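Model the placement of chain B on the given structure of chain A, informed by the hints.
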Amino acid sequence: MTDEQLVEGCVKKQALAQKTLYDKYSRKMLGVCLRYASSTDEAQDILQDGFIKVFDKIEAFNAKGSLEGWIRRVMVNTALDNFRKNKKHMNQTDVDDVKYLLKADNFVVESLEAKALLKIIQTLPTGFRTVFNLYAIEGYSHKEIGVMLDVSEGTSKSQYSRARAYIQKILEKENITTR
Amino acid sequence: MKNINDIEELFSKSFENFEQEVNPSVWTNVQQAIQTPAAPSSAASAAGKGIALKYAAIAILSVATVTGAYFIAKEFNANQNETQSALSVQEEGKTATNNKTHIGTEPQSDLNNNSSEIIHHTIQTNRTETKTEKEINNEIKMSANSEKENTLTSTKPEFVSENNTVTAEKNKQNAEQKEQVKENTKETVVVSTFEIDAEVNVLEDYDNKTIAFSIENEVEKVEWNFGDGNSSSLLSGLHRYSNFGEYVVIATAWSKNGQKKSIKKTVNLQLTSSIDFVPNVITPNNDGSNDVFNVKLSNMQVFHLIIVDRFGVTVFETTNTEITWNGNDLNGSPCKNGTYSYVIKAVGTDNKTHNTNGTIQLLR
Chain A
1 MTDEQLVEGC
11 VKKQALAQKT
21 LYDKYSRKML
31 GVCLRYASST
41 DEAQDILQDG
51 FIKVFDKIEA
61 FNAKGSLEGW
71 IRRVMVNTAL
81 DNFRKNKKHM
91 NQTDVDDVKY
101 LLKADNFVVE
111 SLEAKALLKI
121 IQTLPTGFRT
131 VFNLYAIEGY
141 SHKEIGVMLD
151 VSEGTSKSQY
161 SRARAYIQKI
171 LEKENITTR
Chain B
180 MKNINDIEEL
190 FSKSFENFEQ
200 EVNPSVWTNV
210 QQAIQTPAAP
220 SSAASAAGKG
230 IALKYAAIAI
240 LSVATVTGAY
250 FIAKEFNANQ
260 NETQSALSVQ
270 EEGKTATNNK
280 THIGTEPQSD
290 LNNNSSEIIH
300 HTIQTNRTET
310 KTEKEINNEI
320 KMSANSEKEN
330 TLTSTKPEFV
340 SENNTVTAEK
350 NKQNAEQKEQ
360 VKENTKETVV
370 VSTFEIDAEV
380 NVLEDYDNKT
390 IAFSIENEVE
400 KVEWNFGDGN
410 SSSLLSGLHR
420 YSNFGEYVVI
430 ATAWSKNGQK
440 KSIKKTVNLQ
450 LTSSIDFVPN
460 VITPNNDGSN
470 DVFNVKLSNM
480 QVFHLIIVDR
490 FGVTVFETTN
500 TEITWNGNDL
510 NGSPCKNGTY
520 SYVIKAVGTD
530 NKTHNTNGTI
540 QLLR
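Protein chains in written order, with the working numbering: chain A, 1 to 179; chain B, 180 to 543.
Only chain A is shown next, with the shape it has when bound in the complex (with noise of 0.2 Å):
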């Protein structure tokens, strides 16, 4: 089935669309959302209540664009919200964490594949997290991504500067290690 046709049934209802649409995505969704996640638990809570939100809104799909980007959206969205609703995490980590925070020395990264980047971000402040993901993954602007958080542009790329150097020492340290 074709992404107009999986659409179409969605909007219909029909079981075999949403099925045919979830089994084509959900891994890819999981992917996105394990990285705004720190668990895998966490990730496919967001990744249940993304589809729900996607079934749900199928309609509100604008055929236009492409239905995965679509679908991505919803699934960062539905990461905001939850980051959202521990908003707390935001400003709780201060530099003098970090340093603590690099004491966790067990990522077993022989190459920098993607799991090994993920259990980087996972291990992450959430804030830290959040605004790295939008940023250089997600390719967010910092006054988009202080819209979309309610922070302030400077606090976006102060979080991100600070993610930035905490991934770049454990990068270092794992190269080194790993030599």
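It is worth saying that the hints were derived from the structure and are not from the lab. On a predicted model such as this, the values are computed, not experimentally measured, just so you know. Keep in mind that a hint or two might mislead.
Stated by the list, open to error - The calculated DSSO-like cross-link candidates involving lysine-lysine, where the alpha carbons are at most 27 Å apart (straight line), are: (1) B/Lys475 x B/Lys439; (2) A/Lys53 x B/Lys515; (3) A/Lys24 x A/Lys53; (4) A/Lys85 x A/Lys157; (5) B/Lys388 x A/Lys119; (6) A/Lys57 x A/Lys115; (7) B/Lys192 x A/Lys24; (8) B/Lys515 x B/Lys475; (9) B/Lys388 x A/Lys173; (10) B/Lys515 x A/Lys28; (11) A/Lys64 x A/Lys85; (12) A/Lys85 x B/Lys400; (13) A/Lys119 x B/Lys515; (14) B/Lys192 x A/Lys64; (15) A/Lys12 x B/Lys400; (16) B/Lys515 x A/Lys85; (17) B/Lys475 x A/Lys143; (18) A/Lys13 x A/Lys28; (19) A/Lys85 x B/Lys443; (20) A/Lys85 x A/Lys12; (21) A/Lys119 x A/Lys173; (22) A/Lys85 x B/Lys388; (23) A/Lys157 x B/Lys192; (24) A/Lys19 x A/Lys64; (25) B/Lys388 x B/Lys515; (26) B/Lys443 x A/Lys115; (27) A/Lys119 x B/Lys475; (28) A/Lys13 x B/Lys475; (29) A/Lys173 x B/Lys192; (30) A/Lys57 x A/Lys85; (31) A/Lys24 x A/Lys57; (32) A/Lys57 x B/Lys524; (33) A/Lys53 x B/Lys531; (34) A/Lys169 x B/Lys388; (35) B/Lys388 x B/Lys400; (36) B/Lys192 x A/Lys13; (37) A/Lys24 x A/Lys13; (38) A/Lys24 x A/Lys173.
For chain B alone, kept in the frame of chain A given last:
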């Protein structure tokens, strides 16, 4: 070593086609959620109400029409009887024509036979009118069809004169049906006193902040208020609080008949503290295993660890759970192989005290 100067590129490329297998339970849950709209949105329920009201309006209208029609019919009937008794020697054919002239609004020639029933019906419809809106709602759902039929047949005069008997027969049937329906409704209202029971459990082996909630009874709709500003309309599910504390969970449920009941449950969210693991041997030779004396704790607010050698001399002391003993004494010089004793005094975030002591073997 890869060039890690461009972290953004590294990450966005690595994750471009990143996939992972999904636990099948996710689909099960999604499917449940989209099949049975267990969580009716406020808009949906508003629409539902609208529809229900519409039905109620139609029903009242039709009831009114029916009643009106029957009152007229009754009058006709009386008139007819009068005429008949006055002109007792009237031919049957004439009566027929007489009937025809009267006809135009209502089935009539069978009215004589059915008059008692009709009166009965009228009384009944009158009763219906005095019912509360809720009852009408309930009743209408079940008898909407018969009511509609009723209205239709009684407001189509041009067919009436010919299908007189049939229509009257139908009316009779409808009346009977309606009576049955009414009995049914009454029964359900009287018999089922609506009770609800909610179950709220803290998932302690999870993170102590998540509760599992469920409604034990059959309800039409339920609203959960978790006491932290969040709510849900799922029949059962999980809710995670962001803070510990005591919360009052209120479940408000509606029965199919629109009855409403609330139930309160209190949850107390608290982490349980524990000393999870104390090593009994350390081998500080930098081989990566057992190099430090690392006590594993859960949710401690006060922690005090003292390690002494065989002579009772303190070789290590800390109140910081993050600092571990690496086998050196207070001056930083390595301790000799042998047995050491530790004393741990700790107080958990739940104000439980944990005191323990024991021995450690040091081997290099």
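Hint-by-hint comparison with the structure:
1. Pair hint B/Lys475 plus B/Lys439 does not hold up; C-alpha atoms about 50 Å apart against a cutoff of 27 Å.
2. Between A/Lys53 and B/Lys515 the CA atoms are separated by roughly 63 Å; this puts the pair beyond 27 Å, and the hint is violated.
3. Taking the CA atoms of A/Lys24 and A/Lys53, the gap is about 16 Å. The hint holds against a cut of 27 Å.
4. Distance hint between A/Lys85 and A/Lys157 is fulfilled; the C-alpha atoms sit about 21 Å from each other, no more than 27 Å.
5. A threshold of 27 Å between alpha carbons decides the hint, and for B/Lys388 with A/Lys119 the separation of about 24 Å falls inside it, so the pair holds.
6. At most 27 Å may separate the alpha-carbon atoms for a hinted pair to count; A/Lys57 and A/Lys115 exceed this at roughly 31 Å.
7. The hinted pair formed by B/Lys192 and A/Lys24 meets the criterion: a straight-line CA distance of about 21 Å does not exceed 27 Å.
8. Restraint check for B/Lys515 and B/Lys475: the C-alpha separation of about 24 Å stays at or below 27 Å, so the hint holds.
9. This hinted pair does not check out: B/Lys388 and A/Lys173 have alpha carbons roughly 35 Å apart, beyond 27 Å.
10. Annotation: proposed proximity of B/Lys515 to A/Lys28 is violated, straight-line Cα distance about 55 Å (limit 27 Å).
11. Between A/Lys64 and A/Lys85 the CA atoms are separated by roughly 32 Å; this puts the pair beyond 27 Å, and the hint is violated.
12. Between the alpha carbons of A/Lys85 and B/Lys400 the distance comes to roughly 25 Å, so the proposed pair stays at or under 27 Å and holds.
13. For a cut-off of 27 Å, the pair hint linking A/Lys119 to B/Lys515 is broken: about 39 Å separates their Cα positions.
14. Distance restraint check for B/Lys192 and A/Lys64: the Cα-Cα separation of roughly 25 Å lies within the 27 Å cut-off, and the hinted pair is therefore satisfied.
15. For the suggested pair A/Lys12 and B/Lys400, the alpha carbons sit about 25 Å apart, so the restraint of at most 27 Å is met.
16. About 53 Å separates the Cα atoms of B/Lys515 and A/Lys85, which puts this hinted pair outside 27 Å; it is violated.
17. Restraint check for B/Lys475 and A/Lys143: the C-alpha separation of about 42 Å exceeds 27 Å, so the hint is violated.
18. For the hint linking A/Lys13 to A/Lys28, the alpha-carbon distance of about 22 Å falls within 27 Å, and the restraint holds.
19. Restraint check: the Cα-Cα separation between A/Lys85 and B/Lys443 comes to about 24 Å, which is no more than 27 Å; the hinted pair holds.
20. Under the criterion of a C-alpha separation no larger than 27 Å, the hint pairing A/Lys85 with A/Lys12 is inconsistent with the structure, at around 32 Å.
21. For a cut-off of 27 Å, the pair hint linking A/Lys119 to A/Lys173 stands: about 14 Å separates their Cα positions.
22. Restraint check: the Cα-Cα separation between A/Lys85 and B/Lys388 comes to about 14 Å, which is no more than 27 Å; the hinted pair holds.
23. In summary, the hint linking A/Lys157 to B/Lys192 is supported, as the alpha carbons are separated by about 22 Å, within the 27 Å threshold.
24. For the suggested pair A/Lys19 and A/Lys64, the alpha carbons sit about 23 Å apart, so the restraint of at most 27 Å is met.
25. With a C-alpha separation of about 45 Å, the suggested pair B/Lys388 and B/Lys515 falls outside the 27 Å cut-off, and the hint is violated.
26. Straight-line distance between C-alpha atoms of B/Lys443 and A/Lys115 comes to about 45 Å, which puts the hinted pair past the 27 Å bound.
27. Of the pairs offered as hints, the one joining A/Lys119 and B/Lys475 holds, with about 22 Å between alpha carbons and a cut-off of 27 Å not exceeded.
28. Taken as a hint, the A/Lys13 and B/Lys475 pair is broken in the structure, with Cα atoms around 51 Å apart against an allowance of 27 Å.
29. For the suggested pair A/Lys173 and B/Lys192, the alpha carbons sit about 21 Å apart, so the restraint of at most 27 Å is met.
30. The hinted pair formed by A/Lys57 and A/Lys85 meets the criterion: a straight-line CA distance of about 21 Å does not exceed 27 Å.
31. As the CA atoms of A/Lys24 and A/Lys57 are separated by approximately 18 Å, the hinted pair is consistent with the 27 Å bound.
32. Between A/Lys57 and B/Lys524 the alpha-carbon distance is near 55 Å, which puts this suggested pair outside the 27 Å criterion.
33. Of the supplied pair hints, the one linking A/Lys53 and B/Lys531 is violated, its CA atoms being roughly 44 Å apart against a limit of 27 Å.
34. For the proposed pair A/Lys169 and B/Lys388, the alpha carbon gap of about 33 Å is over 27 Å, so the pair is violated.
35. Between B/Lys388 and B/Lys400 the alpha-carbon distance is near 26 Å, which keeps this suggested pair within the 27 Å criterion.
36. Restraint check for B/Lys192 and A/Lys13: the C-alpha separation of about 35 Å exceeds 27 Å, so the hint is violated.
37. Simply put, A/Lys24 and A/Lys13 have alpha-carbon atoms about 17 Å apart, close enough for the 27 Å limit, and the pair holds.
38. For the given pair, A/Lys24 sits about 37 Å from A/Lys173 by alpha-carbon distance, which is inconsistent with the 27 Å threshold.
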